[in-house]
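S.K.: Let the hints inform the model, and build the full structure from the sequences given.
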Amino acid sequence: MRACWRSFDPAYDTPAVLRSYGGSYTGNYTGEKFNHWDFAAPPQAELPDVLKFFLVGATPEKDRTITHSLSTIVIDPEGKVYKWYPTNDWTPEQLLADVKQLL
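The sequence shown begins at 1 in our numbering and counts up by one.
If you are wondering where the hints come from, they were derived from the structure by calculation, not from laboratory data.
Note that the coordinates shown come from a computational prediction; the quantities given were computed from them, not determined experimentally.
Do not take every clue at face value.
[Claimed, not checked] Using C-beta positions, here's what the derived DEER-type ranges look like:
# : residue 1 : residue 2 : range
1 : Q44       : T91       : 20 to 30 Å
2 : E93       : K62       : 33 to 43 Å
3 : P77       : F34       : 26 to 36 Å
4 : F54       : A11       : 24 to 34 Å
[Said to hold, decoys possible] Only pairs whose alpha carbons sit at most 25 Å apart, straight line, appear in this in silico SDA-like list of lysine to any residue:
#  : residue 1 : residue 2
5  : K52       : W84
6  : K52       : G27
7  : K62       : W84
8  : K62       : V81
9  : K80       : E93
10 : K100      : I75
11 : K83       : L55
12 : K52       : T65
13 : K62       : A40
14 : K62       : V17
15 : K80       : K62
16 : K52       : K33
17 : K33       : A16
18 : K80       : S69
19 : K80       : K100
20 : K62       : L51
Every residue, glycine too, gets a C-beta built ideally from N, C-alpha and C.
M.R.: Below you can see the structure in the form of structure tokens.
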């Protein structure tokens with residue numbers, strides 16, 4: 001199983017920045033392997049379409065943070081959307097059940 005974190009600020013979130021961000025949670029910063037996580041940032045021009053497709057709202061704040069909604073997608077081994085939770089109204093048990101059905 002893999003998880004993917006998407007950026008809302010592709011101009012800033014380079015691969016190195018995303019790797020460091022993820023590594024900050026493990027203490028490995030740039031040395032983390034991320035065997036179960038992918039980090040991605042769409043090209044700036046495509047970001048509005050990505051946000052619209054997944055019904056995610058993102059608002060840049062004055063302190064350079066971004067307030068955003070949540071959308072969680074379970075993708076099958078062929079790369080197709082299997083299940084979509086457009087809000088944070090899901091439980092880890094539901095997500096695990098989805099993954100088990102796919103396996």
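S.K.: Against each hint, give a clear statement of whether it holds in the structure.
M.R.: Here's how the hints hold up against the structure:
The hinted window of 20 to 30 Å between Q44 and T91 is violated, with their beta carbons roughly 34 Å apart. Restraint check, E93 to K62: a C-beta distance of roughly 38 Å satisfies the suggested window 33 to 43 Å. The hint said 26 to 36 Å for the Cβ distance between P77 and F34, and at roughly 19 Å that hint is violated. Judged by the Cβ atoms, the range 24 to 34 Å given for F54 and A11 is violated: they are separated by roughly 20 Å.
A threshold of 25 Å between alpha carbons decides the hint, and for K52 with W84 the separation of about 14 Å falls inside it, so the pair holds. Distance hint between K52 and G27 is unfulfilled; the C-alpha atoms sit about 34 Å from each other, more than 25 Å. For the proposed pair K62 and W84, the alpha carbon gap of about 31 Å is over 25 Å, so the pair is violated. In summary, the hint linking K62 to V81 is not supported, as the alpha carbons are separated by about 34 Å, beyond the 25 Å threshold.
Annotation: proposed proximity of K80 to E93 holds, straight-line Cα distance about 21 Å (limit 25 Å). Under the criterion of a C-alpha separation no larger than 25 Å, the hint pairing K100 with I75 is consistent with the structure, at around 12 Å. Note on K83 and L55: the hinted pairing holds, with a Cα-Cα distance of about 14 Å set against a maximum of 25 Å. This hinted pair checks out: K52 and T65 have alpha carbons roughly 20 Å apart, not beyond 25 Å.
Between K62 and A40 the CA atoms are separated by roughly 24 Å; this keeps the pair inside 25 Å, and the hint holds. Between K62 and V17 the alpha-carbon distance is near 20 Å, which keeps this suggested pair within the 25 Å criterion. Restraint check for K80 and K62: the C-alpha separation of about 36 Å exceeds 25 Å, so the hint is violated. In summary, the hint linking K52 to K33 is not supported, as the alpha carbons are separated by about 31 Å, beyond the 25 Å threshold.
With a CA separation close to 13 Å, the supplied pair K33 and A16 stays within the 25 Å bound. Simply put, K80 and S69 have alpha-carbon atoms about 22 Å apart, close enough for the 25 Å limit, and the pair holds. Taken as a hint, the K80 and K100 pair is honoured in the structure, with Cα atoms around 16 Å apart against an allowance of 25 Å. Restraint check for K62 and L51: the C-alpha separation of about 20 Å stays at or below 25 Å, so the hint holds.
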